[in-house]
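Quick mapping for you: the protein sequence lines, in order, are chains A and B. Taking numbering that gives the first Met the number 0, the leading residue of the first sequence gets 0, the next gets one more, and so forth. Taking numbering that gives the first Met the number 0, the leading residue of the second sequence gets 0, the next gets one more, and so forth.
Incorrect hints may appear among the rest.
Said to hold, decoys possible - Below 20 angstroms or equal to it, Euclidean Cα-Cα: the simulated SDA-like pairs (lysine to any residue) are: (1) Lys179/A / Gly174/B; (2) Lys88/A / Arg50/A; (3) Lys41/A / Asn7/B; (4) Lys2/A / Gly174/B; (5) Lys120/A / Lys2/A; (6) Lys185/B / Lys2/A; (7) Lys1/B / Asp90/A; (8) Lys41/B / Lys41/A; (9) Lys157/B / Asp143/B; (10) Lys26/A / Thr98/A; (11) Lys26/A / Asp90/A; (12) Lys1/B / Asp139/A; (13) Lys179/A / Pro42/B; (14) Lys120/B / Ala129/A.
These are calculated hints, taken from the structure and not from any lab test.
Number of protein chains: 2
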Amino acid sequence: MKKSLGANTLAQPTPVWLVGSYDAAGKPNVMTIAWGGICCSKPPCVTVSVRKERHTYPAVLARKAFTVSVPSETYARQADYAGMASGAKADKFAAMGLTPAKSDLVDAPYVQEFPLVLECKLLQAIDLGAHTQFIGEIMDVKADESVLNAEGHIDPAKLRPIIFAPGSSLYYGLGEIVGKAFSIGKEIGG
Amino acid sequence: MKKSLGANTLAQPTPVWLVGSYDAAGKPNVMTIAWGGICCSKPPCVTVSVRKERHTYPAVLARKAFTVSVPSETYARQADYAGMASGAKADKFAAMGLTPAKSDLVDAPYVQEFPLVLECKLLQAIDLGAHTQFIGEIMDVKADESVLNAEGHIDPAKLRPIIFAPGSSLYYGLGEIVGKAFSIGKEIGG
Numbered sequence: 000m001k002k003s004l005g006a007n008t009l010a011q012p013t014p015v016w017l018v019g020s021y022d023a024a025g026k027p028n029v030m031t032i033a034w035g036g037i038c039c040s041k042p043p044c045v046t047v048s049v050r051k052e053r054h055t056y057p058a059v060l061a062r063k064a065f066t067v068s069v070p071s072e073t074y075a076r077q078a079d080y081a082g083m084a085s086g087a088k089a090d091k092f093a094a095m096g097l098t099p100a101k102s103d104l105v106d107a108p109y110v111q112e113f114p115l116v117l118e119c120k121l122l123q124a125i126d127l128g129a130h131t132q133f134i135g136e137i138m139d140v141k142a143d144e145s146v147l148n149a150e151g152h153i154d155p156a157k158l159r160p161i162i163f164a165p166g167s168s169l170y171y172g173l174g175e176i177v178g179k180a181f182s183i184g185k186e187i188g189g
Numbered sequence: 000m001k002k003s004l005g006a007n008t009l010a011q012p013t014p015v016w017l018v019g020s021y022d023a024a025g026k027p028n029v030m031t032i033a034w035g036g037i038c039c040s041k042p043p044c045v046t047v048s049v050r051k052e053r054h055t056y057p058a059v060l061a062r063k064a065f066t067v068s069v070p071s072e073t074y075a076r077q078a079d080y081a082g083m084a085s086g087a088k089a090d091k092f093a094a095m096g097l098t099p100a101k102s103d104l105v106d107a108p109y110v111q112e113f114p115l116v117l118e119c120k121l122l123q124a125i126d127l128g129a130h131t132q133f134i135g136e137i138m139d140v141k142a143d144e145s146v147l148n149a150e151g152h153i154d155p156a157k158l159r160p161i162i163f164a165p166g167s168s169l170y171y172g173l174g175e176i177v178g179k180a181f182s183i184g185k186e187i188g189g
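Could you build the full structure based on these sequences and the hints that come with them?
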C-alpha cells in the first residue's frame with residue numbers, strides 16, 4: 000500500500016556537486032547543489048539548478064560558464080559548508096582550505112582537490128520558479144589519476160562520490176556493486 | 000595531476016529511474032533513464048531526458064504526463080531490461096513480471112512494486128540534441144509504507160535506490176551514512 004507524501008522533491012538518489020563560477024569582482028566561488036544531472040549525450044550536457052538569490056546566479060549568467068566539481072566523501076564537510084555559506088559574504092575556497100583552479104576551456108574555476116571536474120559552457124537558463132535551471136555543454140571532463148583504473152577509466156569505488164537523500168537530508172557513500180548495466184537485464188529479454 | 004577524459008557525460012552519481020507512460024494504443028510502458036534529476040523546489044519539478052527514437056518520446060508528449068518509478072536494488076535486473084528493450088516491440092511490464100498502476104493524478108502508469116513513485120505533469124520539452132529534456136511538475140510522491148521510518152519519512156537505507164556510474168556502466172547500491180546535510184559543514188562556517 001502506497002502512502003501519499005505530497006507534491007515535493009523526495010526523489011532518490013541525487014548528486015552532491017559544487018558549481019564553480021567567478022563573481023562580478025572576479026572572485027572564485029562555489030556552491031553545492033543536489034538539483035542536477037546529465038541531460039543530453041550529444042552534445043554532452045549537464046544541468047544544475049540555482050536560486051536567483053544565490054551569488055552563483057548572476058555569476059554564471061555573466062560569464063556564460065560554470066564548472067561542476069565532484070567531491071569524494073572525504074570532502075563531505077566542505078561540500079556541506081559550500082551549500083550553506085554565501086559567496087557574497089565569505090571566501091568559501093579560503094574557508095574550506097581548497098584551491099580554485101582556472102579552467103583553460105571555460106571562464107569558471109573548479110576545485111583543484113576534488114577528483115572529478117566538468118567544465119561547462121552555458122547553453123540555456125530556464126526559469127522554473129524557485130530555481131533556474133542552467134544547462135551547460137560539457138567541454139571537458141578531468142579526473143585525478145588516483146581515481147582511474149588500469150584502463151584509464153573512472154573507478155567509482157576510488158572516486159567515492161557523495162549521494163544526497165532529500166527528506167532525511169543525509170549524505171551517503173557509494174555501496175556495493177549491484178550489477179553490470181546493459182547486461183544483467185538480458186536474461187529477461189531486450 | 001588531472002587527466003583530460005574528453006567532452007562526455009562521465010558525471011557521478013546518476014540515478015536509475017523508470018519513466019512511465021501510455022503509448023498511442025493505451026499500452027503502459029516504462030523506460031529506464033539515468034539522465035535526470037530534481038530541477039526545481041517550487042513548483043517541485045523533475046527532469047528526465049529521452050531520445051526522440053524511444054517509444055516513450057511521443058507517449059509523454061501526447062498525454063503531457065509521465066511518472067518516475069524508483070526501483071530498489073532488488074529490481075536491478077528489471078531496471079536494466081527496461082533500459083534496453085523497446086515498448087514498440089515488447090510488453091515490458093509483462094516481461095518483467097511487474098504491475099502497471101494507473102495514476103489518479105496524471106495520465107501515466109507507474110510500477111506498483113517499486114517503493115517510490117513521482118507522478119508528473121509535463122511542463123516543458125526542451126530539445127538539446129540527442130536527448131529531449133522533459134520537465135515535469137511533481138503532483139505527488141507516493142512511497143511504500145515499508146520504506147518509511149517511524150516518523151513517516153523515507154528511510155534511504157530501506158528504499159535502497161540504485162546508483163548508475165557512467166563510464167564503467169556499473170550499478171551500485173547505497174553505502175554508509177557520511178553525515179547530516181546542513182549540519183556537518185557548520186564547523187567550517189556558514
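Satisfaction of hint between Ala129/A and Lys120/B, Cα-Cα up to 20 angstroms: holds, 18 angstroms
Restraint status (C-alpha distance of Lys41/B to Lys41/A at most 20 angstroms): Distance of about 29 angstroms is beyond 20 angstroms: violated.
Pair hint Lys2/A and Gly174/B, alpha-carbon separation not exceeding 20 angstroms: violated, 26 angstroms
Given hint Lys2/A paired with Lys185/B - CA-CA distance at most 20 angstroms: violated, 34 angstroms
Hint consistency between Lys26/A and Thr98/A [alpha-carbon to alpha-carbon, up to 20 angstroms]: holds, 12 angstroms
20 angstroms Cα cutoff - pair Lys157/B, Asp143/B: holds, 10 angstroms
Restraint status (C-alpha distance of Lys179/A to Pro42/B at most 20 angstroms): Outside the cut-off at roughly 35 angstroms; violated.
20 angstroms Cα cutoff - pair Lys1/B, Asp90/A: Outside the cut-off at roughly 24 angstroms; violated.
Agreement of Lys41/A and Asn7/B with the hint, judged by alpha carbon distance not exceeding 20 angstroms: Between Lys41/A and Asn7/B the Cα gap is close to 8 angstroms, so the pair holds against 20 angstroms.
Given pair status - Asp90/A, Lys26/A, alpha carbons within 20 angstroms: holds, 8 angstroms
Pairwise hint evaluation, Arg50/A against Lys88/A, where the allowed Cα distance is 20 angstroms at most: holds, 17 angstroms
Hint consistency between Lys179/A and Gly174/B [alpha-carbon to alpha-carbon, up to 20 angstroms]: holds, 18 angstroms
Hint violations for this structure: numbers 4, 5, 6, 7, 8, 13, all remaining hints satisfied.
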